[in-house]
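S.K.: Sequence:
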Amino acid sequence: MATRWYITPYDPVHWKDEHSSGVESELVVNVWDFSQQARAKWPSYQDYPIHSWDIIEDGVEISGNFDGKGFQILTLEGTGNLFNQFVTWYRTYIPAKHKLFLFIEGSWDSLELVDGITDDDVGQFAGFGR
4 MATRWYITPY DPVHWKDEHS SGVESELVVN VWDFSQQARA KWPSYQDYPI
54 HSWDIIEDGV EISGNFDGKG FQILTLEGTG NLFNQFVTWY RTYIPAKHKL
104 FLFIEGSWDS LELVDGITDD DVGQFAGFGR
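Residue 72 in our numbering sits at position 69 of the sequence shown; the count goes up by one each step and never skips.
What the hints contain is simulated information worked out from the structure, not anything from laboratory work.
Since we're looking at a predicted model, the values are computed, not measured.
Below, computed lysine-lysine pairings styled on DSSO-like, alpha-carbon distance capped at 27 Å:
| hint | residue 1 | residue 2 |
| --- | --- | --- |
| 1 | LYS100 | LYS72 |
| 2 | LYS44 | LYS100 |
| 3 | LYS102 | LYS72 |
| 4 | LYS102 | LYS44 |
| 5 | LYS44 | LYS72 |
Required output: the full structure, derived from the provided sequences and hints.
M.R.: Next comes the structure, spelled out in structure tokens:
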């Protein structure tokens, strides 16, 4: 079974408290533009109905799909350096005024994807060395 990762504009600890009023973000991901930019970076990029996609490079695959208000929630499955590279690229794709957090399904621990984050930073958090 593949491990699911999420990138969202809010820290997952906000969902810990069931009485929390939640958090809001003005982030809206233009899925068409995302596809064009990702394809320019990774020629093997393929998109599918329902806002999902995959990238296969050197036999390694990552896949994802967008969900939620404004397509703010990105669900990812993948490992290794391709995963690390994608996450750092995604941080540069989304305007820096929007906070982004990477976390694994079922965990409150997250990595804030700050401007200038590196593949090594992501790999260290995710456990996917270069």
